[in-house]
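Using the hints provided, position chain B relative to the given structure of chain A.
2 protein chains.
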Amino acid sequence: MVQSKSVIFSSVPNGFPIPGKDLVVKTNEVDISKAPDGGVVLKVLLASVDPYMRGLLRDPEIKSDNPAFPLGEPITGAGIAKVLDSSHPILKKGDIVSGLMSHSEYIVYATEVIEALNIRALGNPYSLPLERFTGALGMPGLAAYGSIYEFGEMHKNEKETIFISAASGAVGSLVGQLAKREGLRVVGSAGSDAKVKYLVENLGFDAAFNYKTEPPKMALPKYIPEGLDIYYDNVGGETLEAAIDNAKPQARFVECGMISQYNRKKDEEPYPIRNIEQVVSKRLKLQGFLTGDVAGKYFVEFNENVAKWLQDGSIHYTEDVTIGIDNEAEGLVRMLKGENFGKAVIKYADA
Amino acid sequence: MVQSKSVIFSSVPNGFPIPGKDLVVKTNEVDISKAPDGGVVLKVLLASVDPYMRGLLRDPEIKSDNPAFPLGEPITGAGIAKVLDSSHPILKKGDIVSGLMSHSEYIVYATEVIEALNIRALGNPYSLPLERFTGALGMPGLAAYGSIYEFGEMHKNEKETIFISAASGAVGSLVGQLAKREGLRVVGSAGSDAKVKYLVENLGFDAAFNYKTEPPKMALPKYIPEGLDIYYDNVGGETLEAAIDNAKPQARFVECGMISQYNRKKDEEPYPIRNIEQVVSKRLKLQGFLTGDVAGKYFVEFNENVAKWLQDGSIHYTEDVTIGIDNEAEGLVRMLKGENFGKAVIKYADA
Chain A
1 MVQSKSVIFS SVPNGFPIPG KDLVVKTNEV DISKAPDGGV VLKVLLASVD PYMRGLLRDP
61 EIKSDNPAFP LGEPITGAGI AKVLDSSHPI LKKGDIVSGL MSHSEYIVYA TEVIEALNIR
121 ALGNPYSLPL ERFTGALGMP GLAAYGSIYE FGEMHKNEKE TIFISAASGA VGSLVGQLAK
181 REGLRVVGSA GSDAKVKYLV ENLGFDAAFN YKTEPPKMAL PKYIPEGLDI YYDNVGGETL
241 EAAIDNAKPQ ARFVECGMIS QYNRKKDEEP YPIRNIEQVV SKRLKLQGFL TGDVAGKYFV
301 EFNENVAKWL QDGSIHYTED VTIGIDNEAE GLVRMLKGEN FGKAVIKYAD A
Chain B
1 MVQSKSVIFS SVPNGFPIPG KDLVVKTNEV DISKAPDGGV VLKVLLASVD PYMRGLLRDP
61 EIKSDNPAFP LGEPITGAGI AKVLDSSHPI LKKGDIVSGL MSHSEYIVYA TEVIEALNIR
121 ALGNPYSLPL ERFTGALGMP GLAAYGSIYE FGEMHKNEKE TIFISAASGA VGSLVGQLAK
181 REGLRVVGSA GSDAKVKYLV ENLGFDAAFN YKTEPPKMAL PKYIPEGLDI YYDNVGGETL
241 EAAIDNAKPQ ARFVECGMIS QYNRKKDEEP YPIRNIEQVV SKRLKLQGFL TGDVAGKYFV
301 EFNENVAKWL QDGSIHYTED VTIGIDNEAE GLVRMLKGEN FGKAVIKYAD A
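The listed protein sequences correspond, in order, to chains A and B. Residues in the first sequence are numbered from 1 upward in steps of one, following full-length UniProt numbering. Residues in the second sequence are numbered from 1 upward in steps of one, following full-length UniProt numbering.
This is chain A alone, in the form it adopts within the complex (with noise of 0.2 Å):
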């Protein structure tokens, strides 16, 4: 028996989650000598917080495409773990997997489960670190990867220029510099100077502005006069009127989130879009995805280009690691507000 603290779905949040009361840390006794059979006992060493686990931290009553976490429980999201036994017919002891699972340090998982939650281990012929797992490796990056192929249409035109919002976090950051391979104008925002100078120095970005200090209404006109192609959202609100307003004809607009709307207050309005007519008169196309709807038919070539490309170097990664499964609520929220730089990540422990 092992002492394993697990973070606990305790109430929905009214804004941004409150951790201690909405989030709690909660320790029970597991079992850790034996895997069941067939199943196996996992040590989580990262855990991935990511926006889209806020739609999750809801009223259950509430229905949508993605069940809600269940309010007592532990959370799930994408994490990586060590196998510490395993009498699965394929994972082995020692070995290192990904997929989603309980954010809890030890964890024990019967064969259906570890099918269902799609927990395999880890390919990673270049030994990259673990993190790059979570982001560039992980949901993240496939996500940027198979939609910004599948929906984004590089190359329609000409000469194109992409606009990425949240541009320096896990999904933006990718998307921005496979369009830079593909030889697009790449114009990123982001909420801080230093993300700026980031996007720009170290991700090769052609331009980007913090919208903090430079409205999106302002800064598009500004950064991108000749109009947009592609509009790559991970924020909505304003940032995508703005961007309606400066598409041009026929431009793609991808929609992977929308940030900027998820940690409304009960009583707050959502950002009313005010231009949404120029959808028919400039033809644009919007498109929301689910990284599930295009992980079949990019998984491969993603999983290859990227680690290549992250081991020689033509693509850059960071991640914002928190250490620690006491400061996991305390790291998704600073991720919900923007206050991470790179990709998120929760540290329980080393392999």
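Hints listed in this document are in silico derivations from the structure and should not be mistaken for laboratory results. Keep in mind that the hints are not guaranteed to be accurate.
Repeated chains share a single entry, so a pair holds when one copy, or any two copies, can fit it.
What the hints assert, rightly or not - Pairs of lysine-lysine residues, derived as DSS-like cross-links and limited to a Cα-Cα distance of at most 27 Å, are as follows:
(1) LYS63 x LYS282
(2) LYS63 x LYS156
(3) LYS156 x LYS297
(4) LYS248 x LYS282
(5) LYS282 x LYS337
(6) LYS222 x LYS93
(7) LYS217 x LYS63
(8) LYS222 x LYS63
(9) LYS34 x LYS337
(10) LYS222 x LYS156
(11) LYS63 x LYS159
(12) LYS159 x LYS5
(13) LYS265 x LYS282
(14) LYS265 x LYS248
(15) LYS282 x LYS156
(16) LYS248 x LYS63
(17) LYS265 x LYS217
(18) LYS212 x LYS93
(19) LYS159 x LYS265
Frame of chain A; chain B shown alone:
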């Protein structure tokens, strides 16, 4: 020389155009005795009035993909005309032609203009009434046919429901019948009880409602409890917002028009869309288009199929005919207000 009346764009409307002020009829003399070298003399029989024309009655300073009508000049739109004289290599005296044309009783065009306006002899193997070539077999029909097949992704899922606004209109009435042929459940909204009756009894819609007496937010959950898979949008505004609320995951929004927004007064705010976040959470696709975007790919099959289906009575179509160029502006405004019943067309003369 003959006296020839034209419909002139005389001032930019504020709200709905005012006949006699924003659009006036002007008479001038035209020499119709002989076609210019390579050109034609046309007698216009039918002039089409369509929602997109409202967007061209704007201040020419406001840039858009589609150039504004020049102030002080005759408006241009789709029409059907008879060739009174020709020295054009293809068009013959006596031919009935369709294409874009000046909304004037008599026109003299040079070769280049004939080509630029895509004026060509009408193929009418079933001797259908000429009015039909302004609607079901004209630009609205091609828009309907091309867009629903190109962007609707009918049959993406098992059993699908399409919702169509302005469903008894020039585009909507054809979309509904095409979707019905494909086996979809078809639900429409329209602006009068008579139109609702027509949709269900004459066009075979599964259900329909009058949006003036049943607001879309109430009506959609009632008539489409299963949720909609495709929304064919002709109106925008609150109907679009309600359609987003009642969309199933991965629903497709074919954005043909937003007529509810075209006649706002200068100080009127556009209807704000407050639920655009669902584009992400439901993985919706919104796709705007111009008829030209789908014309090339679908023109041949559209013409063959729709003509055949009109001839064999398997699809129905109605025009709302206003008599006389003097009444064109009124006919246009009635259409913009949704007071037409079927495709709005102005009859200048018999063939």
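Hints and how they fare:
no. : hint            : in the structure
1   : LYS63 x LYS282  : between (33 Å within a copy, 11 Å between copies)
2   : LYS63 x LYS156  : between (37 Å within a copy, 23 Å between copies)
3   : LYS156 x LYS297 : both (20 Å within a copy, 17 Å between copies)
4   : LYS248 x LYS282 : both (7 Å within a copy, 25 Å between copies)
5   : LYS282 x LYS337 : between (33 Å within a copy, 23 Å between copies)
6   : LYS222 x LYS93  : neither (56 Å within a copy, 55 Å between copies)
7   : LYS217 x LYS63  : between (34 Å within a copy, 18 Å between copies)
8   : LYS222 x LYS63  : between (41 Å within a copy, 18 Å between copies)
9   : LYS34 x LYS337  : neither (41 Å within a copy, 74 Å between copies)
10  : LYS222 x LYS156 : within (23 Å within a copy, 41 Å between copies)
11  : LYS63 x LYS159  : between (42 Å within a copy, 21 Å between copies)
12  : LYS159 x LYS5   : neither (52 Å within a copy, 46 Å between copies)
13  : LYS265 x LYS282 : between (34 Å within a copy, 21 Å between copies)
14  : LYS265 x LYS248 : between (34 Å within a copy, 26 Å between copies)
15  : LYS282 x LYS156 : both (15 Å within a copy, 26 Å between copies)
16  : LYS248 x LYS63  : between (36 Å within a copy, 12 Å between copies)
17  : LYS265 x LYS217 : both (25 Å within a copy, 24 Å between copies)
18  : LYS212 x LYS93  : neither (48 Å within a copy, 67 Å between copies)
19  : LYS159 x LYS265 : neither (42 Å within a copy, 37 Å between copies)
Consistency note: the structure conflicts with the earlier hints numbered 6, 9, 12, 18 and 19.
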